[in-house]
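So the chains spell out like this:
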Amino acid sequence: MSAPADAALSQLREQVLAAVASGTPLCIRGGGTKDFLGEARVGEVLDLRGVAGVVDYDPSELVITARAGTPLALIEALLAERGQHLAFEPPSFGADSTIGGVVAAGLAGPRRGSVGGVRDFVLGAHLLAVNGEVLRFGGRVMKNVAGFDLSRLFCGSLGVLGPLVELSLKVLPMPAVECTLEFELSAAAAVVAFNRWSRLPLPLSATSWFDGRARVRLSGVAPALEAACVSLGGRVLSGDESRCWWDDLRHYRLAFHANRAPLWRLSLPATAAPLALSGTGLIEWAGALRWLRTDEEPARVRAVVAAAGGSAACWYAPAGQPMFDVLPPAALALQRRLKAAFDPQALFSRGRLVVGL
Amino acid sequence: MPTSPPVALSDRSLRRDEVVAALRAVLPVDALLASPEELTPYECDGLSALRQVPLAVALPHTEDQVAAVLRCCRRLAVPVVARGAGTGLSGGALPHGDGIVLSLARLNGILALDPEAGTACVQPGVRNLAISEAAAPFGLYYAPDPSSQIACTIGGNVAENSGGVHCLKYGLTLHNVLAVRGYTMDGEEIICGGAAPEGPGLDLFPVVIGSEGLLLVIVEITVRLLPRPASARVVMASFDDVGRACDSVTAIIAAGIIPAGLEMMDRGATAAVEPFCRAGYDLTAAAILLIESDGTPIEVEDEIQRVSAIVRGAGAIAVAVSGSEAERLRFWSGRKNAFPAAGRISPDYYCMDGTIPRKHLARVLDEIRGLEQRYGLRCINVFHAGDGNLHPLILFDANAPGEWDRAEQFGTDILELCVALGGTITGEHGVGAEKIGSMCSQFTDGERAAFAAVKAAFDPAGLLNPAKLIPTLHRCAEYGRQRVHAGQLPFPELERF
Ligand SMILES: Cc1cc2nc3c(=O)[nH]c(=O)nc-3n(C[C@H](O)[C@H](O)[C@H](O)COP(=O)(O)OP(=O)(O)OC[C@H]3O[C@@H](n4cnc5c(N)ncnc54)[C@H](O)[C@@H]3O)c2cc1C
Numbered sequence: 002m003s004a005p006a007d008a009a010l011s012q013l014r015e016q017v018l019a020a021v022a023s024g025t026p027l028c029i030r031g032g033g034t035k036d037f038l039g040e041a042r043v044g045e046v047l048d049l050r051g052v053a054g055v056v057d058y059d060p061s062e063l064v065i066t067a068r069a070g071t072p073l074a075l076i077e078a079l080l081a082e083r084g085q086h087l088a089f090e091p092p093s094f095g096a097d098s099t100i101g102g103v104v105a106a107g108l109a110g111p112r113r114g115s116v117g118g119v120r121d122f123v124l125g126a127h128l129l130a131v132n133g134e135v136l137r138f139g140g141r142v143m144k145n146v147a148g149f150d151l152s153r154l155f156c157g158s159l160g161v162l163g164p165l166v167e168l169s170l171k172v173l174p175m176p177a178v179e180c181t182l183e184f185e186l187s188a189a190a191a192v193v194a195f196n197r198w199s200r201l202p203l204p205l206s207a208t209s210w211f212d213g214r215a216r217v218r219l220s221g222v223a224p225a226l227e228a229a230c231v232s233l234g235g236r237v238l239s240g241d242e243s244r245c246w247w248d249d250l251r252h253y254r255l256a257f258h259a260n261r262a263p264l265w266r267l268s269l270p271a272t273a274a275p276l277a278l279s280g281t282g283l284i285e286w287a288g289a290l291r292w293l294r295t296d297e298e299p300a301r302v303r304a305v306v307a308a309a310g311g312s313a314a315c316w317y318a319p320a321g322q323p324m325f326d327v328l329p330p331a332a333l334a335l336q337r338r339l340k341a342a343f344d345p346q347a348l349f350s351r352g353r354l355v356v357g358l
Numbered sequence: 051m052p053t054s055p056p057v058a059l060s061d062r063s064l065r066r067d068e069v070v071a072a073l074r075a076v077l078p079v080d081a082l083l084a085s086p087e088e089l090t091p092y093e094c095d096g097l098s099a100l101r102q103v104p105l106a107v108a109l110p111h112t113e114d115q116v117a118a119v120l121r122c123c124r125r126l127a128v129p130v131v132a133r134g135a136g137t138g139l140s141g142g143a144l145p146h147g148d149g150i151v152l153s154l155a156r157l158n159g160i161l162a163l164d165p166e167a168g169t170a171c172v173q174p175g176v177r178n179l180a181i182s183e184a185a186a187p188f189g190l191y192y193a194p195d196p197s198s199q200i201a202c203t204i205g206g207n208v209a210e211n212s213g214g215v216h217c218l219k220y221g222l223t224l225h226n227v228l229a230v231r232g233y234t235m236d237g238e239e240i241i242c243g244g245a246a247p248e249g250p251g252l253d254l255f256p257v258v259i260g261s262e263g264l265l266l267v268i269v270e271i272t273v274r275l276l277p278r279p280a281s282a283r284v285v286m287a288s289f290d291d292v293g294r295a296c297d298s299v300t301a302i303i304a305a306g307i308i309p310a311g312l313e314m315m316d317r318g319a320t321a322a323v324e325p326f327c328r329a330g331y332d333l334t335a336a337a338i339l340l341i342e343s344d345g346t347p348i349e350v351e352d353e354i355q356r357v358s359a360i361v362r363g364a365g366a367i368a369v370a371v372s373g374s375e376a377e378r379l380r381f382w383s384g385r386k387n388a389f390p391a392a393g394r395i396s397p398d399y400y401c402m403d404g405t406i407p408r409k410h411l412a413r414v415l416d417e418i419r420g421l422e423q424r425y426g427l428r429c430i431n432v433f434h435a436g437d438g439n440l441h442p443l444i445l446f447d448a449n450a451p452g453e454w455d456r457a458e459q460f461g462t463d464i465l466e467l468c469v470a471l472g473g474t475i476t477g478e479h480g481v482g483a484e485k486i487g488s489m490c491s492q493f494t495d496g497e498r499a500a501f502a503a504v505k506a507a508f509d510p511a512g513l514l515n516p517a518k519l520i521p522t523l524h525r526c527a528e529y530g531r532q533r534v535h536a537g538q539l540p541f542p543e544l545e546r547f
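Taken in sequence, the protein lines are chains A and B.
Residues in the first sequence are numbered from 2 upward in steps of one, following this note's numbering.
Residues in the second sequence are numbered from 51 upward in steps of one, following this note's numbering.
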């Protein structure tokens with residue numbers, strides 16, 4: 002470890018031990034770009050930014066290991082130099098976004114529908130435990146089934162199990178070529194088409210529907226893309242237009258995202274029929290992620306989505322509305338026992354991930 | 051070491067009678083086995099060196115019966131070991147002497163197959179291959195393909211997070227399952243994951259996958275089905291030097307290629323399989339690589355060209371590309387039959403499963419040759435080179451005095467080496483009962499305590515597959531003593547990772 006990172010880790014350890022001794026709740030924070038995510042934040046800030054730096058990156062191993070406070074931008078630049086990337090395309094909400102925050106938030110971008118989410122790329126994680134020890138789960142190899150797979154449990158945990166201090170992620174080669182096809186389709190027809198195409202051996206790497214336009218990104222080697230373009234038809238977007246669209250979609254930079262009127266992020270089975278909810282939408286992941294801007298009653302939105310087998314997160318919430326669905330009592334009880342296994346005093350990110358945890 | 055007084059045989063049979071009577075009350079007659087001859091087939095899994103006869107075996111037909119068995123055993127504090135097909139290689143389904151085996155083999159229905167969504171919802175006793183067979187008419191398949199796929203169950207695959215030759219490109223069980231439903235020891239139903247990609251709260255799914263039957267008894271699994279690639283071809287490259295074969299593996303990945311499969315066999319392995327598979331392997335080669343490309347014919351052609359150039363550049367002495375489906379299957383036949391072949395050339399074999407960073411492949415194979423000398427046992431290597439997942443097969447004769455002990459020591463040394471090089475003691479076969487000692491070298495007391503705490507959150511009474519996966523402190527002290535006593539702390543020159 003580098004000296005500044007070592008010092009930062011010792012400092013962090015002292016803060017944790019002091020908080021444990023005094024029973025002070027802690028709010029784990031990286032670059033703070035995702036402060037808006039989750040329920041209300043409580044407690045003294047535990048700042049992970051100092052625990053930074055790439056520990057190991059060997060492109061032929063397809064693994065990068067970095068301390069949690071390492072900026073996402075730095076990691077992506079390093080990978081890009083070697084023609085690799087984080088295939089789950091995490092959104093960055095600003096230059097300060099850290100890799101620890103990416104994993105703790107568990108958000109993935111357009112490629113989620115075809116290559117998997119954050120969880121699918123985490124290979125190992127180090128956790129600073131309440132007794133000050135650093136616990137190492139998983140590792141730096143592709144296949145590892147020794148012990149429970151706890152490193153992946155931390156994905157999307159928003160810190161409720163404690164601070165992550167180091168992560169190992171699987172990386173992949175960047176596709177040689179990408180292109181985007183566009184079709185004029187209704188939302189319902191687009192979801193049907195996306196799912197039909199997903200069942201065919203096509204090099205699909207992302208799908209979206211917005212404002213009457215369905216877009217499909219293809220990634221791979223040039224001859225395969227040419228063949229797929231011929232078989233799918235549609236209008237081919239220019240390279241710039243294509244890159245801008247998927248980048249803006251990935252980083253939530255469309256005008257649609259900027260509008261602060263109530264917005265819902267709905268996670269659904271991809272083939273779910275159109276929901277009986279009014280509003281305007283944006284569809285990703287072949288229908289598995291549907292954004293909805295609506296004035297419908299929150300309780301009704303949640304009920305309709307639950308009935309369709311999904312869950313609803315209120316992205317821009319009307320005041321007093323929790324972001325995520327609440328857990329049924331039995332599930333909450335198990336999650337509480339699990340949290341207690343790591344954080345018996347419930348000091349870390351209390352209540353942030355889900356009400357009552 | 052505090053020893054508990056030996057349980058008198060009569061105590062055990064009294065207990066057995068009590069447990070059997072209680073289970074009879076919740077199960078139909080044909081769903082409970084209790085006579086010695088009926089129990090024998092269940093006394094071990096694929097790791098036959100470890101054996102234990104259970105009190106009884108429950109073979110429920112329905113999910114309600116599974117839940118009833120669990121509640122009954124919970125009430126009587128009887129350990130429960132879930133079992134699929136019993137092909138596991140780490141003693142995961144090894145019975146507990148005071149407990150029962152809960153076989154899920156009869157829950158073997160494919161409940162739904164949705165070609166539009168590309169999913170299948172199946173019961174745990176469905177065989178891995180049966181899923182792909184059911185999906186074939188729709189041009190779909192289930193990607194993870196352990197070599198045991200004709201026999202092993204999807205429930206066992208989920209419990210072990212099993213891999214196969216294609217997981218380099220298509221991922222492990224974890225990446226190909228969407229949802230799992232099961233029961234805790236208390237008979238409480240738990241659902242993890244779902245057809246929707248995100249849900250509220252902690253994501254328990256990855257903890258349950260690969261949990262080796264310690265957290266839940268799984269009764270339903272939703273898997274993802276992929277479109278069958280339009281074509282697949284395999285490159286067979288022969289090398290006169292193991293190091294050069296290993297370098298090729300790294301070079302292929304470094305060139306930005308993720309082949310569908312990237313497997314290696316050393317000369318010992320090709321020599322074992324060739325006489326009865328006639329796969330056409332070059333028996334003079336020190337090692338061969340099998341590199342599969344799949345996708346559209348254009349993609350495959352492109353990748354085959356690039357792979358062939360790389361292996362030639364890395365010094366392959368011969369390169370052959372499958373020209374037909376029959377030839378592709380022939381190239382693979384030797385690899386797929388390597389374990390049975392080991393069984394033909396030796397009375398017994400012990401299959402290891404460590405994973406290491408790819409760059410250390412040559413080093414480890416070299417060390418293994420040294421260990422062959424040290425233990426006076428042969429070891430052949432056939433493995434998932436692309437993932438760095440080794441499968442050294444240690445050949446021994448269980449009837450020759452001391453050979454099993456030496457094979458076990460040999461295996462433990464290999465695992466220690468994997469840990470020392472930054473790898474892991476198991477890539478896909480699980481810890482089970484077998485590698486419980488090696489868990490002491492891979493994890494600290496604090497890490498193992500975290501595993502135990504997670505187990506207790508799901509199973510406070512500690513009755514689901516107890517004494518597996520997580521060693522006690524006492525066990526680790528014992529393990530440390532044994533290793534030091536035998537003067538066998540290997541690789542002292544390597545800094546502990
Ligand atoms: C010849 C041969 C080749 C093999 N090749 C591979 C390979 O390529 N890749 C690979 O990964 N493995 C391989 N294996 C190992 C083995 O086949 C896998 O681990 C397989 O997943 C085990 O499935 P099973 O149904 O036989 O499970 P079992 O052996 O019956 O059980 C395995 C574990 O799962 C638990 N379990 C089973 N069912 C359930 C359930 N419903 N709920 C909760 N827990 C449950 C058991 O308690 C046990 O801990 C091979 C084995 C053999 C014999």
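I should point out that these hints are in silico values taken from the structure, not numbers from a laboratory.
Note that the structure is predicted; figures quoted are calculated from it, not measured.
There could be a bad hint or two in this list.
Pairs of lysine to aspartate or glutamate, DMTMM-like flavour, derived with a Cα cap of 20 Å [as the list claims (entries may be wrong)]:
no. : chain 1 : residue 1 : chain 2 : residue 2
1   : B       : LYS409    : A       : GLU297
2   : B       : LYS219    : A       : ASP326
3   : B       : LYS386    : B       : GLU183
4   : B       : LYS386    : B       : GLU351
5   : B       : LYS219    : A       : ASP121
6   : B       : LYS219    : B       : ASP195
7   : B       : LYS409    : B       : ASP332
8   : B       : LYS386    : B       : GLU375
9   : B       : LYS219    : B       : GLU351
10  : B       : LYS409    : A       : GLU40
11  : B       : LYS386    : B       : ASP297
Hint by hint, here is what the structure shows:
{"no.": "1", "hint": "B:LYS409 x A:GLU297", "verdict": "violated (56 Å)"}
{"no.": "2", "hint": "B:LYS219 x A:ASP326", "verdict": "violated (35 Å)"}
{"no.": "3", "hint": "B:LYS386 x B:GLU183", "verdict": "holds (18 Å)"}
{"no.": "4", "hint": "B:LYS386 x B:GLU351", "verdict": "violated (24 Å)"}
{"no.": "5", "hint": "B:LYS219 x A:ASP121", "verdict": "holds (13 Å)"}
{"no.": "6", "hint": "B:LYS219 x B:ASP195", "verdict": "holds (12 Å)"}
{"no.": "7", "hint": "B:LYS409 x B:ASP332", "verdict": "violated (25 Å)"}
{"no.": "8", "hint": "B:LYS386 x B:GLU375", "verdict": "holds (16 Å)"}
{"no.": "9", "hint": "B:LYS219 x B:GLU351", "verdict": "holds (17 Å)"}
{"no.": "10", "hint": "B:LYS409 x A:GLU40", "verdict": "violated (44 Å)"}
{"no.": "11", "hint": "B:LYS386 x B:ASP297", "verdict": "violated (23 Å)"}
Of the numbered hints stated above, those contradicted by the structure are hints 1, 2, 4, 7, 10, 11, listed in ascending order.
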